[in-house]
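Spelled out, the chains give:
6 protein chains.
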Amino acid sequence: MFFHTKELQYNAKPSNPDPVYAKKLQEILGGQFGEMTVMMQYLFQGWNCRGDEKYKDMIMDIGTEEIAHVEMIATMIAQLLDGAPVREQEEAAKDPAIGAVLGGMNPQHAIVSGLGATPTDSVGYPWNSRYTIASGNLLADFRANLNAESQGRLQVVRLYESTTDPGVRDMLSFLIARDTMHQNQWMAAIEELEQNQKAIVPSTFPQTLEKQEVSYSFMNFSNGEESSKGRWASGKSMDGISNFEYVANPKAMGQIPKLKPSPAYIHGSVM
Amino acid sequence: MFFHTKELQYNAKPSNPDPVYAKKLQEILGGQFGEMTVMMQYLFQGWNCRGDEKYKDMIMDIGTEEIAHVEMIATMIAQLLDGAPVREQEEAAKDPAIGAVLGGMNPQHAIVSGLGATPTDSVGYPWNSRYTIASGNLLADFRANLNAESQGRLQVVRLYESTTDPGVRDMLSFLIARDTMHQNQWMAAIEELEQNQKAIVPSTFPQTLEKQEVSYSFMNFSNGEESSKGRWASGKSMDGISNFEYVANPKAMGQIPKLKPSPAYIHGSVM
Amino acid sequence: MFFHTKELQYNAKPSNPDPVYAKKLQEILGGQFGEMTVMMQYLFQGWNCRGDEKYKDMIMDIGTEEIAHVEMIATMIAQLLDGAPVREQEEAAKDPAIGAVLGGMNPQHAIVSGLGATPTDSVGYPWNSRYTIASGNLLADFRANLNAESQGRLQVVRLYESTTDPGVRDMLSFLIARDTMHQNQWMAAIEELEQNQKAIVPSTFPQTLEKQEVSYSFMNFSNGEESSKGRWASGKSMDGISNFEYVANPKAMGQIPKLKPSPAYIHGSVM
Amino acid sequence: MFFHTKELQYNAKPSNPDPVYAKKLQEILGGQFGEMTVMMQYLFQGWNCRGDEKYKDMIMDIGTEEIAHVEMIATMIAQLLDGAPVREQEEAAKDPAIGAVLGGMNPQHAIVSGLGATPTDSVGYPWNSRYTIASGNLLADFRANLNAESQGRLQVVRLYESTTDPGVRDMLSFLIARDTMHQNQWMAAIEELEQNQKAIVPSTFPQTLEKQEVSYSFMNFSNGEESSKGRWASGKSMDGISNFEYVANPKAMGQIPKLKPSPAYIHGSVM
Amino acid sequence: MFFHTKELQYNAKPSNPDPVYAKKLQEILGGQFGEMTVMMQYLFQGWNCRGDEKYKDMIMDIGTEEIAHVEMIATMIAQLLDGAPVREQEEAAKDPAIGAVLGGMNPQHAIVSGLGATPTDSVGYPWNSRYTIASGNLLADFRANLNAESQGRLQVVRLYESTTDPGVRDMLSFLIARDTMHQNQWMAAIEELEQNQKAIVPSTFPQTLEKQEVSYSFMNFSNGEESSKGRWASGKSMDGISNFEYVANPKAMGQIPKLKPSPAYIHGSVM
Amino acid sequence: MFFHTKELQYNAKPSNPDPVYAKKLQEILGGQFGEMTVMMQYLFQGWNCRGDEKYKDMIMDIGTEEIAHVEMIATMIAQLLDGAPVREQEEAAKDPAIGAVLGGMNPQHAIVSGLGATPTDSVGYPWNSRYTIASGNLLADFRANLNAESQGRLQVVRLYESTTDPGVRDMLSFLIARDTMHQNQWMAAIEELEQNQKAIVPSTFPQTLEKQEVSYSFMNFSNGEESSKGRWASGKSMDGISNFEYVANPKAMGQIPKLKPSPAYIHGSVM
Ligand SMILES: [Ca+2]
Ligand SMILES: [Ca+2]
Ligand SMILES: [Ca+2]
Ligand SMILES: [Ca+2]
Ligand SMILES: [Ca+2]
Ligand SMILES: [Ca+2]
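Chains as they are written, first to last, in the working numbering: chain A, 621 to 891; chain B, 621 to 891; chain C, 621 to 891; chain D, 621 to 891; chain E, 621 to 891; chain F, 621 to 891.
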């Protein structure tokens with residue numbers, strides 16, 4: 621069960637309206653790696669958690685924090701839209717600078733949401749839950765989480781670089797700092813889990829059942845062998861079990877497929 | 621530019637038809653973490669790569685391999701559908717075992733694809749490119765890749781567990797082995813990159829610009845303090861720069877938001 | 621079965637081309653609450669109608685009218701795109717006003733539809749049928765319809781405000797008037813239905829089977845009690861059956877959930 | 621900012637596992653009118669609210685409650701999946717009853733989520749944010765909310781009818797009761813708002829600007845005049861301003877559209 | 621503008637209820653090549669038509685007919701769902717044949733639409749407008765239409781094969797016949813257009829501007845030269861302008877791409 | 621199995637950066653009829669092919685070529701984005717020409733992909749696999765392919781018309797030429813197949829089972845008889861079997877549908 625407190629987790633006060641930037645900022649609200657994604661991803665991981673209470677509580681802690689991040693950005697966007705000149709059609713026709721702003725806005729910010737934030741990304745594409753994962757395997761999911769926080773911080777930094785508004789930058793500096801923590805947090809949780817199992821997910825599947833002759837082979841399918849110079853092409857494998865092997869000319873090991881004609885009721889090809 | 625060779629990378633020969641399993645197997649073909657996802661993700665990362673040729677070549681190597689994995693699974697599914705009793709309506713009505721098979725099939729395997737594989741997941745949802753990421757930051761993307769291979773191997777293992785068909789299991793044992801390699805590969809590439817930069821993505825953004833007072837704080841937003849026992853709540857931070865701090869009672873640091881009424885032409889609320 | 625007559629239901633004649641406005645106008649053609657939505661929603665409600673012929677006929681009357689509204693707006697958009705300067709690249713580079721127009725257009729209006737309307741909204745997102753509902757319960761659906769006409773009229777009014785083209789405004793003044801009627805119509809139909817049943821949908825489910833101790837309680841989950849001042853927090857409930865109660869400090873009534881570990885074949889978390 | 625408490629708002633304890641029912645129950649979690657929809661709809665309406673604090677607080681109260689409903693259903697689904705026989709392939713082939721269960725499950729409950737709830741509906745379609753609306757006009761949005769609670773309660777009742785599990789029914793009886801309250805709540809809020817404005821949304825647009833000759837006309841576009849017998853076809857209009865008129869033979873009032881040929885660079889039709 | 625007549629274009633009367641078949645039949649209602657697709661595709665082609673009135677009228681004729689086909693199938697599905705045993709949970713548990721039916725149904729047919737048709741395909745995926753095309757070039761679009769009618773008739777035939785219900789087959793025999801006509805119709809229209817222009821769309825682009833050395837070359841990118849035996853590999857080209865050429869070993873004609881590092885504010889890769 | 625060679629199939633070298641054009645060019649990369657569509661469509665048709673090896677090899681040849689086209693366009697877009705002024709916020713505010721560029725860019729090209737191509741269309745909508753078809757009937761699918769190449773060439777030509785950059789036009793001139801070949805190729809394959817079967821897909825369904833009285837009738841559902849002047853309205857039918865008939869006043873042949881009330885557990889309408 622949840623409770624809401626009116627104060628934002630951190631300030632969300634733009635210094636000036638900027639409807640074009642409001643459109644861009646939607647990316648970290650409702651985009652693939654926006655706050656809605658981590659919020660829903662963590663909450664579902666928490667609710668589905670079948671492990672140690674320590675993990676479940678930790679996931680619920682951060683999932684609950686992320687709702688507050690969605691709130692902050694939504695609030696910021698609504699304020700950036702205050703004063704958006706969506707109506708002054710005639711003036712815009714005369715003043716190309718206003719025209720550029722109108723052309724750069726998300727029209728739904730005026731027509732659909734009435735100057736409010738929308739649960740969409742920076743091109744207006746709606747958020748959907750296939751952005752999230754809760755697999756029932758914490759090591760797998762913590763890697764998903766580390767990725768989400770890495771992509772997320774990268775996007776927030778790029779948005780920081782594309783505004784000079786002090787109020788917006790102040791809020792983003794908070795989100796960037798939290799993403800610093802969250803990347804650290806998932807790295808810590810991953811390290812802890814890896815101490816109890818092999819690094820390869822899932823570690824409970826017996827490797828004797830996999831086709832072990834190709835379990836540590838790097839295969840060169842793009843001509844040129846620059847890839848042989850990487851850490852992945854020689855030396856001890858990262859799971860400590862074997863050594864990397866570089867296969868310069870990988871061979872096909874399978875059949876040439878030949879499918880049977882389909883039965884009559886399928887009405888397949890006549891040739 | 622690409623060339624195709626007729627032989628499959630590895631055998632894809634089911635021992636028996638099984639249309640219900642064909643439906644399930646679609647998950648690792650066209651699902652969120654299926655082979656289409658890693659194929660397109662790696663190819664776009666390679667094409668967009670602005671870095672050292674060593675990385676670009678490596679990414680293109682694996683991206684090209686993944687097309688072959690899509691090919692193997694598609695071929696397997698088409699064969700699993702051979703012999704699917706989609707027509708024998710009357711018999712099915714009398715024989716509940718056949719009815720169960722018919723009910724468990726994906727109807728599009730008969731109606732739409734004529735007993736062929738479809739570029740969709742196990743519930744028939746079409747693959748879409750928002751499953752992929754190519755961010756222009758290799759460390760961020762390699763974390764995405766490690767996650768994809770972790771979720772992917774987990775799903776293949778679960779599919780291995782839910783069939784006893786020797787031919788299907790043989791193919792899956794190959795894919796599981798390649799996912800072992802690919803998890804190792806991305807871990808190796810991540811380690812190599814992390815030697816040249818801080819672990820936090822993006823490492824080029826000056827931390828002085830972030831709100832550093834919250835950069836290493838774990839905040840307890842779900843009642844109960846079980847989360848304080850994890851590695852993320854105390855000790856050296858994973859980036860080696862600071863120490864984790866546990867905030868048992870996190871406080872709001874922001875304003876109570878109060879939006880202005882919308883302008884008249886928005887026709888907002890009357891109260 | 622349907623018949624088409626060539627004349628539009630009302631004039632759709634813009635006074636001037638305006639490709640940027642054409643993009644915006646798409647919202648009420650193919651958006652969440654555009655004419656395609658009400659058209660398909662009403663038609664499916666009519667086709668699925670299991671009630672009195674009076675209702676079925678009425679729904680088919682309005683569903684059929686809505687096809688004509690889609691037609692009018694599509695026709696208007698095609699004309700607004702006539703004369704769109706999509707080609708004059710070099711001139712645009714020199715003239716920022718033309719550049720603003722090009723930047724503000726939907727590129728698909730040139731590349732994909734060849735200056736025709738598209739079945740999408742103002743950000744180019746395709747119309748999809750999850751925008752509609754036909755539940756088999758007319759009171760529920762008439763509320764959906766009243767909502768659709770309310771959101772729809774609001775959007776048309778906002779579009780009216782953002783153009784000064786007399787021809788466009790003339791067409792919109794017709795659509796706004798029809799939405800006035802359609803809001804009235806659904807309110808009338810709702811009132812008629814509510815005279816034969818309780819206001820709560822579905823009225824046929826015995827309230828003795830619901831957890832009646834919370835059936836009329838307003839629960840305060842956001843700190844501060846401003847919400848206690850509303851009509852919903854005290855006085856007779858709207859269904860006339862009970863009284864509203866304000867719960868200032870709602871309590872959890874459920875268990876602390878604890879899920880079992882997953883079976884081995886799921887390969888869940890190792891801790 | 622939000623806080624989480626570990627106890628559920630109400631009990632979510634199934635008496636028996638039932639993976640087929642788990643699939644169905646997804647509808648009210650991640651479906652068009654499921655709990656995720658009302659949760660996100662109310663939260664965005666609250667964050668974007670530009671009106672009286674009384675309304676904003678009320679919306680945040682209910683939005684916060686809805687997160688708890690998502691939590692309860694997710695928890696219930698995870699428990700219904702405990703014991704799902706996803707592996708026993710061979711036994712299933714022999715026992716049609718098990719086969720029917722396997723065929724009726726959502727395969728992603730095993731392969732993707734590892735026996736956890738997914739943020740999708742009962743056919744596995746992912747939740748997306750176009751299910752929600754926050755228009756910046758409270759009267760419009762409260763009608764959306766009343767509709768959502770009407771459709772939602774109808775769906776929960778149908779799910780109640782299709783199980784006999786006492787634990788599941790107990791939880792559903794709570795949700796049905798809350799939907800009773802929430803329908804009442806939105807009706808109360810609507811009534812309060814309508815006292816300050818006309819019933820037609822948006823009430824601030826001058827009716828003199830709409831094409832008033834068709835503002836109160838019911839038009840008969842489906843042959844047969846059964847629809848003339850409804851409340852919508854005669855008598856005082858619901859907004860109290862005019863009288864309904866029945867137009868038995870509606871006439872086209874617009875032009876026969878004739879579009880200009882497209883410019884050469886569009887490469888339109890040759891005829 | 622449109623008018624509706626109550627009678628269906630052809631009979632839609634199933635001999636027996638069959639909820640599993642109702643699910644399958646959705647494919648030709650709301651699937652990629654279902655009746656909703658051709659209906660919306662033709663209507664938009666008609667509304668956007670910038671050509672000879674003969675074509676516009678013809679397209680509107682068939683577009684209007686297709687609405688009637690949607691109506692017939694929706695009506696059929698609603699009747700197939702009459703008598704669906706969605707509630708008899710306990711009996712189903714005992715009788716595997718009933719269980720198979722329940723497992724094979726679309727659960728939304730009970731929970732969401734209350735035994736009505738839904739605007740979705742056979743896996744419950746919602747119809748969306750990206751299934752359609754109206755390009756502003758009639759020859760291009762008539763090829764789209766011929767394809768749609770070919771895929772559509774194929775799917776209807778497969779559905780005919782998977783039922784023995786005389787009433788369903790009667791309706792399908794009508795739809796199959798209409799698809800026979802509609803394939804003929806688009807072939808006729810294509811032939812007519814091709815008499816006035818070259819067969820290659822768009823015919824108005826000067827071929828001197830294309831890279832003519834590869835305009836008639838078949839390139840062998842999959843090892844093995846079986847493809848050299850087809851009509852496409854030698855002889856006069858179909859547009860009558862040149863001759864097909866078989867390139868057994870196609871060569872790359874482009875550069876090895878090398879992208880510049882991204883600017884600092886993008887925070888790209890560090891290596 | 622596939623191999624990659626580093627050289628592009630043809631040059632992809634823009635003469636100048638142009639981020640607005642980069643956004644437009646996405647249409648033929650990740651749009652409905654972009655290169656990703658034909659690539660995936662052909663690959664799946666090839667993998668599912670149950671016919672003569674000649675066809676399978678041919679389809680794999682072209683499918684493999686299309687991957688190279690995706691590669692060329694992705695490479696071009698990444699270079700067009702080099703030098704995009706996404707950061708210079710302050711300067712842009714002063715210079716409307718820069719503002720127009722910023723407003724016309726796809727913001728995800730900066731925020732999400734870091735100046736790389738994205739697998740989306742020109743409005744940022746992600747590519748999805750419902751754009752493709754592989755039906756198991758080659759004649760049906762070759763018509764789909766001819767359509768795709770017709771729409772595709774039309775779009776490339778329109779993009780050629782909207783740039784003057786010599787490097788971009790050079791690459792497009794190659795793609796246009798290949799589309800010339802590919803239209804020719806599919807026409808040739810269609811002709812070859814039609815020599816072995818009737819032109820109507822599927823040709824194996826006995827026409828005696830269809831409702832033959834409407835198999836060759838053109839029905840006039842839009843008032844006015846301009847459509848009677850077309851080739852489709854009189855003369856020999858295209859399949860050579862019958863003659864076209866023009867039905868000026870098509871009659872309904874079906875029942876007036878009347879659905880039964882739903883069972884009690886559906887909680888349908890009360891009236
Ligand atoms: Ca290589
Ligand atoms: Ca805690
Ligand atoms: Ca409160
Ligand atoms: Ca009527
Ligand atoms: Ca070949
Ligand atoms: Ca006509």
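Wrong hints could be hidden among the right ones.
[Said to hold, decoys possible] Cross-link-like lysine-lysine pairs, in silico, DSBU-like; alpha carbons within 35 Å at most:
id : chain 1 : residue 1 : chain 2 : residue 2
1  : A       : Lys626    : A       : Lys674
2  : E       : Lys849    : E       : Lys818
3  : D       : Lys674    : C       : Lys626
4  : B       : Lys871    : C       : Lys818
5  : F       : Lys880    : C       : Lys818
6  : C       : Lys878    : A       : Lys818
7  : E       : Lys818    : F       : Lys674
8  : A       : Lys831    : A       : Lys880
[Said to hold, decoys possible] Taking CB as the label site, the calculated pair distances span:
id : chain 1 : residue 1 : chain 2 : residue 2 : range
9  : E       : Gln827    : B       : Lys880    : 55 to 61 Å
10 : D       : Glu627    : C       : Thr784    : 55 to 61 Å
11 : C       : Gln817    : B       : Ile876    : 39 to 45 Å
12 : B       : Asn636    : E       : Ser862    : 23 to 29 Å
13 : B       : Glu627    : A       : Ser854    : 25 to 31 Å
14 : C       : Ala884    : A       : Asn863    : 54 to 60 Å
15 : C       : Ala868    : B       : Ser862    : 24 to 30 Å
16 : D       : Glu627    : B       : Glu865    : 23 to 29 Å
17 : C       : Ile876    : B       : Met891    : 52 to 58 Å
Rather than coming from a laboratory, the hints here were simulated on the basis of the structure.
For clarity, every value in this text was computed on a predicted model and none was experimentally measured.
Here a beta-carbon is modelled for each residue, glycine too, at the ideal position from N, C-alpha and C.
Consistency of the hints with the structure:
1. A:Lys626 <-> A:Lys674: holds, 28 Å
2. E:Lys849 <-> E:Lys818: Within the cut-off at roughly 26 Å; holds.
3. D:Lys674 <-> C:Lys626: violated, 51 Å
4. B:Lys871 <-> C:Lys818: It is violated: about 46 Å lies between the C-alpha atoms, which goes past 35 Å.
5. F:Lys880 <-> C:Lys818: Status holds; Cα separation ~23 Å.
6. C:Lys878 <-> A:Lys818: holds, 26 Å
7. E:Lys818 <-> F:Lys674: holds, 28 Å
8. A:Lys831 <-> A:Lys880: holds, 28 Å
9. E:Gln827 <-> B:Lys880: 55 to 61 Å: 60 Å Cβ-Cβ, so the 55 to 61 Å window holds.
10. D:Glu627 <-> C:Thr784: 55 to 61 Å: holds, 58 Å
11. C:Gln817 <-> B:Ile876: 39 to 45 Å: Given about 43 Å between the Cβ atoms, the range holds.
12. B:Asn636 <-> E:Ser862: 23 to 29 Å: violated, 50 Å
13. B:Glu627 <-> A:Ser854: 25 to 31 Å: Distance hint for Glu627 of chain B, Ser854 of chain A holds at roughly 27 Å.
14. C:Ala884 <-> A:Asn863: 54 to 60 Å: violated, 30 Å
15. C:Ala868 <-> B:Ser862: 24 to 30 Å: Check failed, 42 Å falls outside 24 to 30 Å.
16. D:Glu627 <-> B:Glu865: 23 to 29 Å: About 28 Å separates the Cβ atoms of Glu627 of chain D and Glu865 of chain B, which means 23 to 29 Å holds.
17. C:Ile876 <-> B:Met891: 52 to 58 Å: violated, 41 Å
Comparing the model with each numbered hint stated earlier shows that hints 3, 4, 12, 14, 15 and 17 do not hold.
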